[in-house]
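Turn these sequences into a full structure, and let the hints guide you.
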Amino acid sequence: MANDPLVICMGEDIGVAGGTYKATNGLYDKYGPERVIDTPISENGYTGLGIGASFLGVRPIIEIMSVNFAWLAMDQLFNSAAKVRYMSGGQLTAPVVVRSPGGTAHQLGAQHSARMEKVFMGIAGLRVVTPSNPRQAYGMLKSAVRCNDPVFINEHELMYNMKGEVPDDEYFHPLEGSEIARDGSDVTLFGYNVSVHWCLQAAEILAKQYAINAEVVDLYALSPLDRAGIAASVRKTHRAVVVEEAEAAVGVGAEVIAIINEESFFELDAAPVRVSATNVPIPYNHTLEKAAIPNVDDVVAAVRQMLGK
Amino acid sequence: MNVADKKRLLREMLFARRFEERCYEAYVERKIGGFLHLYSGEEACAHGVLDAARCGHDYVITSYRDHVHAIKCGADPKKVMAELYAKETGVSRGRGGSMHIFDVANRFMGGYALVGGPFPLAAGIGKGIKMKGGDEVVICFLGDAANNQGTFHESLNMARLWELPVLYVCENNLYGIGTRIDRSTAVIDQYKRVSGYNIPSAQEDGQDIEKVYKAAGKALNHVRSGKGPYFLELMTYRYRGHSMSDSNAYRSKKEERMWSERDPIIMLRDRLIEAGEISRDDYKAMDTQVLDIIEQDVIAFAEASPEPRVDELGKYVLAENDPWVYGGGR
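Protein sequences, first through last, are from chains A and B. Quick note on the working numbering: the first sequence kicks off at 1 and runs consecutively. Quick note on the working numbering: the second sequence kicks off at 310 and runs consecutively.
Mimicking DSSO-like on lysine-lysine, the simulated pairs with C-alpha atoms at most 27 Å apart in a straight line are: (1) B:624 x A:142; (2) B:439 x A:142; (3) B:520 x B:563; (4) A:142 x B:441.
Since the hints were made in silico from the structure, they are not lab data.
Shown next, in the form of C-alpha cells:
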C-alpha cells in the first residue's frame with residue numbers, strides 16, 4: 001500500500017475495527033477510508049465492486065470474514081473475475097486478491113466451519129494459494145497483489161496466532177509450485193495449510209516410534225497444483241498419503257491422487273490414500289467436532305497401515 | 310438536439326435495427342450459435358443516453374443484450390458480427406459470443422450474462438474513476454428484471470454511500486424473460502425503488518429519443534457534478550422474444566401492435582419528414598445504404614474471417630508469463 005496508491009483493502013470491519021482477525025490492524029489510520037474500506041455486509045456486492053475497480057487498474061485486497069460467507073460472493077468471483085479475461089479475448093483482467101479464512105475452529109457450528117478450497121480450485125481463471133506459515137502468508141500476499149490474475153488466498157482461523165520467521169527483506173513467495181517441508185524416503189505426506197503441521201508432527205512420531213522416514217510436501221498452491229513436484233516426490237518415496245481437513249469427496253486428495261495416477265502410477269509401491277474429514281456438516285458438540293475432522297493420529301495410522309508397521 | 314444530430318441518430322438507430330434483424334437471419338441459418346438476445350424496439354434507449362455521454366471516454370457496461378451498446382460506443386460492427394460468427398477477428402476473439410461483446414479500447418467494458426451481474430462491477434468502475442481522479446462516469450444499462458437481484462440493492466447502497474459516479478439506466482421492457490413485470494415485481498415503477506437508497510431518479514419515455522437524450526443529459530450532469538449515482542428508468546419494449554429460444558407467446562397481438570405504433574425509428578423519421586428535413590425517398594435511400602453496408606461489409610467480413618485456432622484453446626485463461634507467479638524472480 002505504501003508503494004502503490006491504487007492498492008486498497010476492502011471488507012467487513014477491516015477499517016476502524018482493524019479486522020476480525022486483526023489482519024488489517026492500523027491500516028485505516030495510515031491510509032484512510034478511501035483505501036481501507038469498511039464495507040456493508042454485502043459479500044457478493046463488495047466483491048463485485050472490487051472486481052469492477054480492478055478493471056481500471058485498482059488492486060483491491062478483499063477480505064471475506066469467513067469462507068462460509070464467500071459462498072455468497074461466488075457469483076462475482078467465478079462468473080466475473082475468473083472468466084472476464086477469457087470471455088473478453090484477453091482485453092480485460094480482474095487482478096483482485098480475495099483473502100478468507102476457513103476451517104474448523106472451536107465449536108463455531110455448521111455455518112462457520114466450512115473448508116471450501118475444493119470449490120475454488122476447480123474454477124479456470126482463478127489462482128488458489130494457501131499459506132501454512134507466516135513467511136508464506138507474507139510473501140504470497142505480496143506476490144498476489146502484483147499478479148495480473150485473480151488470486152484467492154485460503155487462510156485458516158486457527159493459524160492467525162502462529163509465530164514464525166519472516167525474511168527481513170521484501171519477500172515474494174511464488175504462487176505456483178510446492179515446498180518440501182521435511183525430507184524423507186519412505187512415504188510422502190501431502191498437506192496444505194493447517195494439515196502441513198499435522199503431517200510434520202506425524203512424521204516425527206513415525207520417525208521416533210516406527211522408524212519410518214516420511215517426506216512432507218507442502219502444497220501451498222492448490223490451483224494450479226504442482227504436477228511436477230507431486231510426481232517427483234512419489235518417484236522418490238513410492239508411497240503417498242494426502243491429508244486434508246476437508247471432506248474427501250471431490251477434494252484436494254482426490255485431485256492429487258488423480259495426478260499421481262497420471263504422472264507416476266508405475267512408481268507406486270502401494271495404493272495412495274486420503275486422510276480427510278467425515279462427510280457431515282460440522283457439529284457444534286466439541287467431541288463430535290473433533291471426531292469429524294482428521295488429526296495427527298489419523299495420519300500416523302494411515303501410514304502404519306500402508307507400510308504394515 | 311439539432312437537425313444534423315437527429316438525422317445522424319436516425320441512421321444509427323436504423324443501422325442497429327437492421328444489424329439485429331440480420332443477426333436473426335444468421336441465427337436461423339445457424340451461422341450464429343448459442344443464445345442471441347436482440348435489441349429491436351429499444352434503440353432510442355442506448356442511442357439517446359450514449360449520445361448525451363462521451364462515448365469512448367465514459368465507461369459503459371451492460372447485460373447480454375449488448376451488440377447495439379457496443380457499436381454505439383465505437384466498436385466496429387464488422388468485428389461485432391465476426392464475434393457472433395465465433396471468429397478470431399471478433400471483438401472478443403470468438404471466445405465471448407453474443408452475450409460477451411467487449412471493446413475495452415472504446416471503454417465498452419462488456420456484456421455479462423448473469424442477470425444483475427454488472428450492478429456491482431459498475432460501482433467498482435466508479436470507484437476506480439474516483440481513485441484515479443478522472444472526469445469520466447460509468448453508465449450501466451440493465452433491464453427491469455435485474456432489479457430483483459440482490460446485486461441491485463447491494464450496489465445501489467454502496468454507490469450512494471460512497472458517492473460513486475454511476476448512471477444506472479433501467480431499460481424497462483416490461484418482461485423478465487417471459488414473466489410480465491406485474492407478476493414478478495411488487496413495485497412496478499422502477500424509479501421509485503431507488504428512493505430507499507436516497508438516489509435521485511426519473512422515468513422517461515424510452516421510445517422518444519429526444520426525450521431520452523434530454524433526460525440522460527440531466528442525469529449525467531448530476532453524476533458528473535460529483536453528487537453520486539443517478540437512476541434513469543426508460544419505458545421501452547422489445548419486439549423479439551427474450552432470446553431466440555423464446556417462443557414469445559406470452560404477449561398479446563394488441564400489446565405488440567400498440568408498441569409498434571410507437572417505434573423509436575418511425576417516430577423520429579416521421580418527425581423529420583413532417584418538419585421537411587427529409588423525404589420518404591431519403592429515408593428509403595438511407596435504408597438501402599444501411600442494408601448494403603451490413604451485407605457487403607459486415608456480413609462479408611464475418612463470413613471471410615478465420616476461426617480461432619484449436620491450439621490456442623488455453624490462451625487468455627491466465628496472464629501469460631506473469632513474473633509474480635514465480636515470486637518475481639524469473
